[in-house]
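Take these sequences, add in the hints, and give me the full structure.
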Amino acid sequence: MANYLENIRPKISITQYRIALRVLIETFKGIKQAGIVNIFIIGTMAAILMIFGAIFRTSMSLSSLVNELGNVLEVSVYLKSSADPNQAAEQARQLSHVKRVKIIAKENSWENMRKDMQLPNIKNPLPDTLHVRVDSQKNIKSVADNLSKQSYVEDIRYAKDISEKIRVISDISHTATVIVLGIVGFLTMFIINNTIQLVIQSRKKEIEIMRLMGVSNWFIRLPYILQGSLYGMMATIIAIIPLSFLQGYIMQVHRFLGIPNSENSYWAMIFLLFVLSMIFGALGSLLSIKNKLKT
Amino acid sequence: MINLRGVNKKYRNTYALKNVNLDIQKGEFVFLVGSSGAGKSTLMKLLYREELPTSGNVYVSGVDVSKLPDNKVPYLRRNMGIIFQDYKLLEKQTIYDNVAFVIRALGVSSREVDNRVKSALKIVNLAHKMKSKPNELSGGEQQRVGIARAIVNGPSLLIADEPTGNLDPQTSLEIMEILDKINSRGITVLISTHDHAMVNHFRKRVITLEAGQVIKDVQAGTYG
Ligand SMILES: Nc1ncnc2c1ncn2[C@@H]1O[C@H](COP(=O)(O)OP(=O)(O)OP(=O)(O)O)[C@@H](O)[C@H]1O
Ligand SMILES: [Mg+2]
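The listed protein sequences derive, respectively, from chains A and B. Per the numbering used here, the first sequence starts with residue 45, numbered consecutively. Per the numbering used here, the second sequence starts with residue 192, numbered consecutively.
Calculated directly from the structure, the hints in this document are not laboratory data. Please read all numbers here as calculations on a predicted model, not as lab measurements. Be careful, since some hints might not be right.
The list that follows gives simulated cross-link-like pairs (lysine-lysine, DSS-like), each with its CA atoms no further than 30 Å apart [unchecked claim]:
1. B/K395 / A/K249
2. A/K336 / B/K279
3. B/K236 / B/K313
4. A/K248 / B/K309
5. A/K146 / A/K248
6. B/K201 / A/K336
Some, not all, of what chain A presents toward chain B, calculated at C-beta under 7 Å [to be verified]:
7. S57
8. T59
9. I63
10. I253
11. L256
12. V259
13. Y293
Chain B is nowhere near these chain A residues, computed Cβ spacing over 10 Å in every case [unchecked claim]:
14. M94
15. H141
16. K249
17. M257
18. G258
19. N261
20. L290
21. F315
Glycine included, C-beta positions come from ideal geometry on N, C-alpha and C.
Here it is in structure tokens:
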């Protein structure tokens with residue numbers, strides 16, 4: 045008895061290993077005890093995670109689409125037929141934020157077009173064109189405005205409109221991701237918290253006895269925390285199945301649009317799902333432990 | 192082994208213990224008696240740190256239990272055996288598991304667990320019932336499981352709060368004899384009881400509480 049405080053010193057590792065094993069056994073006992081409820085919890089969580097994963101993954105693709113379009117820093121300038129392309133190009137080069145100007149002679153454009161399409165043998169209706177390269181996305185509008193004021197310019201065109209629209213969609217989907225993330229976190233914690241509270245309630249006497257017999261608090265608690273994160277883990281594994289179909293579909297769209305595909309986004313999503321669900325699961329358990337167990 | 196110094200315990204406005212001073216030496220066998228509400232359970236709860244004194248000091252093996260931080264409490268309890276009037280067994284688990292779970296949680300190897308559980312069950316004469324569940328046992332047998340669980344980790348102090356409160360005289364005597372046998376191995380035993388006949392039969396030290404105060408403390412005493 046006199047030496048009971050000596051037990052506080054760290055134990056040897058084989059003992060720790062056995063304790064860890066015991067904690068795992070206790071965890072699985074808890075899961076087994078939950079019975080049919082397990083299916084409900086994991087199913088519900090899987091559905092929530094799947095929705096979150098889908099939104100997250102789509103949002104990532106929209107981001108890369110916006111980036112890709114944002115990289116199109118070119119303004120097409122259609123010249124008046126009276127203008128001299130070389131002179132116009134020289135003047136365009138003087139404008140600020142213009143990096144490079146390339147002349148596309150109307151003969152070349154016409155040839156290209158005829159290669160692609162069946163066209164009647166008419167007189168070339170196309171104007172001479174300048175491809176004006178702007179130094180960065182944020183200056184593209186001012187350069188475009190500037191160009192359209194020039195006397196030699198008939199019309200201009202650049203990717204601004206579509207890029208803006210997709211940017212808006214992308215912003216919305218980012219916001220949605222954050223909101224859904226909040227909901228996922230809340231629901232996960234809510235579900236796990238309630239489940240673990242029930243489990244603790246049904247094992248109240250057992251826990252009390254363990255406490256009185258000198259079983260450590262963390263030994264009593266750890267199984268519940270593990271149970272919470274195991275639910276998260278299993279729900280993620282199930283959610284991955286439909287999400288991998290979505291991934292396949294998104295990859296097709298990427299290929300179709302010629303936007304670099306993002307294998308990494310997929311793994312990032314899976315990693316995020318595992319981490320989030322397991323952390324929120326553990327937090328849900330912690331919450332019920334705080335409510336139901338005294339120290 | 193146990194030293195109480197000026198211990199007061201107040202629940203809201205009632206004093207459960209009033210200025211209690213007490214010393215129990217290693218290896219003693221002590222009966223704690225007194226009418227209902229006298230403070231027996233409260234005194235025991237202070238020893239295993241289920242309650243804290245309102246004032247005063249409670250020493251167990253020289254350590255002031257009232258100053259022990261919460262996270263050290265399990266270490267205190269592992270070195271004492273606690274026995275309850277209502278046995279406090281895990282209904283769904285076998286007798287063997289009921290005795291084993293505490294030392295399993297301490298990381299004792301399965302073989303060592305097996306040795307210790309079987310020898311503890313042998314001491315209480317229940318080795319043959321280890322595969323049964325608590326509800327298949329009589330009250331006396333259940334309390335013997337409680338005793339086996341209390342001694343399985345080799346404590347130096349045994350605290351029993353009315354261990355025979357739910358048992359008939361014959362069974363009570365068996366339980367007391369087991370506790371006496373354990374005491375003869377050098378383990379300090381503190382038992383609270385209302386059982387006059389028992390106290391008179393064993394002729395041990397008797398501490399009498401009344402309204403939270405020690406009013407009598409005699410060696411080889413009788414009840415009352
Ligand atoms: N948790 C509590 N809250 C408030 N009062 C309490 C609490 N526990 C005990 N008491 C009071 O403290 C006094 C002593 O109680 P205690 O349980 O120690 O008595 P006891 O001697 O064990 O009685 P019994 O022989 O009936 O078990 C009683 O007046 C009781 O009502
Ligand atoms: Mg009592």
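Comparing the hints with the structure gives:
no.	hint	in the structure
1	B/K395 / A/K249	violated, 34 Å
2	A/K336 / B/K279	holds, 20 Å
3	B/K236 / B/K313	holds, 29 Å
4	A/K248 / B/K309	holds, 27 Å
5	A/K146 / A/K248	violated, 79 Å
6	B/K201 / A/K336	holds, 26 Å
7	S57	violated, 10 Å
8	T59	holds, 4 Å
9	I63	holds, 4 Å
10	I253	holds, 5 Å
11	L256	holds, 6 Å
12	V259	holds, 4 Å
13	Y293	violated, 49 Å
14	M94	holds, 36 Å
15	H141	holds, 65 Å
16	K249	violated, 8 Å
17	M257	violated, 4 Å
18	G258	violated, 3 Å
19	N261	violated, 7 Å
20	L290	holds, 44 Å
21	F315	holds, 33 Å
Violated hints for the displayed structure, listed by number in ascending order: 1, 5, 7, 13, 16, 17, 18 and 19.
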